[in-house]
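There are 2 protein chains.
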Amino acid sequence: MWQILEKGNITSPLGFQATGIACGIKKAAKDLALLYSKTTAQAAGVFTTNQVKAAPLLVSQQNLEQGQIQAVVINSGNANACTGAKGLEDAWTMAEETAQVLNLSKEKVVVASTGVIGFPLPIGKVQEGIKLASKNLSEQGGQAAAEAIMTTDTFPKQIALTMDLDGKKVTLAGMAKGSGMIHPNMATMLGFITTDAAVVDGFLAELLKKAINKSFNMITVDGDTSTNDMVVIMANGLAGNKPLNKESAEVEKFSAALEYLTIYLAQQIVKDGEGASKLVEIQVKNALTESDAKKAAMSVATSSLVKTAIFGQDANWGRVIAAVGYSGAEIRAEKIDIFLTSAAGKEQMAQAGGGLAFDEEKAKKILAEKEIGIIVDLQLGEQDAQVWTCDLTYDYVKINAHYRS
Amino acid sequence: MWQILEKGNITSPLGFQATGIACGIKKAAKDLALLYSKTTAQAAGVFTTNQVKAAPLLVSQQNLEQGQIQAVVINSGNANACTGAKGLEDAWTMAEETAQVLNLSKEKVVVASTGVIGFPLPIGKVQEGIKLASKNLSEQGGQAAAEAIMTTDTFPKQIALTMDLDGKKVTLAGMAKGSGMIHPNMATMLGFITTDAAVVDGFLAELLKKAINKSFNMITVDGDTSTNDMVVIMANGLAGNKPLNKESAEVEKFSAALEYLTIYLAQQIVKDGEGASKLVEIQVKNALTESDAKKAAMSVATSSLVKTAIFGQDANWGRVIAAVGYSGAEIRAEKIDIFLTSAAGKEQMAQAGGGLAFDEEKAKKILAEKEIGIIVDLQLGEQDAQVWTCDLTYDYVKINAHYRS
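Chains W and F, in that order, give the protein sequences.
Taking numbering that gives the first Met the number 0, the leading residue of the first sequence gets 0, the next gets one more, and so forth.
Taking numbering that gives the first Met the number 0, the leading residue of the second sequence gets 0, the next gets one more, and so forth.
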């Protein structure tokens, strides 16, 4: 249905330019990214549910209300969160500076920040950075932008897909950052998606929300929801396809590609989670409701005991069933089957709520892989959910306890 | 209002006998405790909210419905959880064997287990152990019982208080076990409380529930709720006080002593949490509702990012305010004050939701102590909550990832 573009990135779709530069928030690394669409783009965003919201989110939420933007400016190294009235003023200054250098109105700019909480943004450096960035915008700048939004991410996270919609080549691309900062305070997740697809007014938010609920909302590194989480999509229509709407024949194809792209980026974030050594997929099957399936899967995914057992490569299914038991999902303990799976094979651990005399050697081999699956079959209904998490390791403790050393 | 008894334990109140012996579930340690009251005692219990409940809980819940028991039998090393019909049969066999050797009806026995999930109980060994234990019951056996319920606990947890009620000396005692097992699967919390106070029929459950809500329900080691949690109280009335009821002049004194005792045991459990190096008290003040106060405090207490920061002795208040923000409690970010406190002093980190230029050296000294307090003042209402947690350390990961080595 779609092809993955080799070395594809956020500037792969028609009409998008980007760059990433160093403005001096970090000691010696890129810390400011600028993303620009040559024409006004349909846009939509989703934001953290944390009641403590960083200043840039307030600006971006307001600007996205009218559904059209043309630029995104992102700094790393400072979250501009818990910074009061000055923080909000600084976030607006970022929008205004970006608008000025790109000759836009400030309402056409989305602002995002990630980094330490509670310290004032060095706004002078950021303003100089925006000026510099505007001179460096290019259609080859996607890679630099993906690098500039990193904090303690160990690799940039980006992807681009192409597909055919009504005989037109449409490109869909995204970049994201995950957990960790130079001076970390928490795992902030940022995602930016571009496409040259044409989409009718107001429809993009619906498409985005649907994809997010299967991807970025289905991952966890440590259960801590950031003050700065944000995902934004821009669609500038330059591919020339018939604008997508609810009834389009092609909307399912685009929607599936968007879901694939967001799941890919979400999984990259988990793989690069602080201290992570394994990607773990939790599948809960046959729950009564979708909400129950997600509750049960998230409970397993956030259990420190499950996450340490995966790190220790121990087939400790008792911790899995216990996490399902306290998840709040409707269950019958005596119906639950539990399986472990990976490239090395599949083994059933528990049947009808009780332990099986499983093959310990095979379980060890399954758990030795880098990508592990845990399947919990509730056998109550017909609803499924998939959630991705990582293991809990010594390095997670190290990164979060000793980052100042 | 009350005195702490030196070397006090579960058999300090009049008429209670206990013992702890090794029956062979563990390789070479005590693993079976028996607690007996010479006369029938008023009794009440609280049980895990996990929907996956171990077999002994089903037996104990049923037997506690009539409100009177005379003995408690506890094994460590095997949780008898997820063990199906055979597990339930084994739990009843424990009650029956205990009833037989003590000449009681099986409905007068509470059964508890802690240890690995999903393995059949070696019931023959347990039956032999109960016979042996019954011959070893004594008024000096409280210490041995507290040792026999330990798993990877590093010290026994016990306390006894005496107070005067209506001119009669009343003794109140308790023992508990916390997080960690010889072959661990999760942190099971067990608590047993004895008193020679007289209490009217049915009133004990209310007293227990009130105390639990301020103590055992206010602690967290890793956020995982066990399948086996249980707290039981027995009151045999041998102190000869006027039976306590809702209107008793002395009920507040007894209730306060019970709260003190349960908080003491709960704190001991957190101090001895798996890998813990620090006891952390989270106080949330001036919430709109008690539920909001607890939600906010629990959210901070279970945040892996807060817990690793405490381990690293870093005054990372941004993680605290973020955890309050996603707790679900009603808050106004711009009103929140945050303080750090310990025996080394007190320092304000944040005021009205923004960071203060606090004294980093002083904060380091505060955080170097073994017992730390975090105070979050929401400045919205008048409700407070206190929750206790421990730090998240390398040893937590080690204990839970590598226990088979």
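By construction, these hints were calculated from the structure, which means they are not laboratory data.
Hints should not be assumed to be uniformly reliable.
[Stated by the list, open to error] Derived DMTMM-like pairs (lysine to aspartate or glutamate); straight-line CA-CA distance at most 25 Å:
(1) W:K124 to W:E88
(2) F:K294 to W:D165
(3) F:K294 to F:E359
(4) F:K85 to W:E88
(5) W:K85 to F:D165
(6) F:K26 to F:D394
(7) W:K397 to F:D394
(8) W:K294 to F:E329
(9) W:K397 to F:E88
(10) W:K334 to F:D394
(11) W:K397 to F:E329
For each hint, the structure was consulted:
Note on K124 (chain W) and E88 (chain W): the hinted pairing holds, with a Cα-Cα distance of about 15 Å set against a maximum of 25 Å. A threshold of 25 Å between alpha carbons decides the hint, and for K294 (chain F) with D165 (chain W) the separation of about 51 Å lies outside it, so the pair is violated. Between K294 (chain F) and E359 (chain F) the alpha-carbon distance is near 29 Å, which puts this suggested pair outside the 25 Å criterion. Only pairs whose Cα atoms come within 25 Å are accepted, and K85 (chain F) paired with E88 (chain W) is rejected, the gap being roughly 67 Å.
About 63 Å separates the Cα atoms of K85 (chain W) and D165 (chain F), which puts this hinted pair outside 25 Å; it is violated. The hinted pair formed by K26 (chain F) and D394 (chain F) meets the criterion: a straight-line CA distance of about 23 Å does not exceed 25 Å. Between K397 (chain W) and D394 (chain F) the CA atoms are separated by roughly 12 Å; this keeps the pair inside 25 Å, and the hint holds. The suggested pairing of K294 (chain W) with E329 (chain F) holds, with an alpha-carbon distance near 22 Å, which does not exceed 25 Å.
A C-alpha spacing of about 46 Å is found between K397 (chain W) and E88 (chain F), which places the hinted pair above 25 Å, so the restraint is violated. With a C-alpha separation of about 35 Å, the suggested pairing of K334 (chain W) with D394 (chain F) is violated against the 25 Å cut-off. For the hint pairing K397 (chain W) with E329 (chain F), the CA-to-CA distance comes to about 33 Å; that exceeds 25 Å, so the pair is violated.
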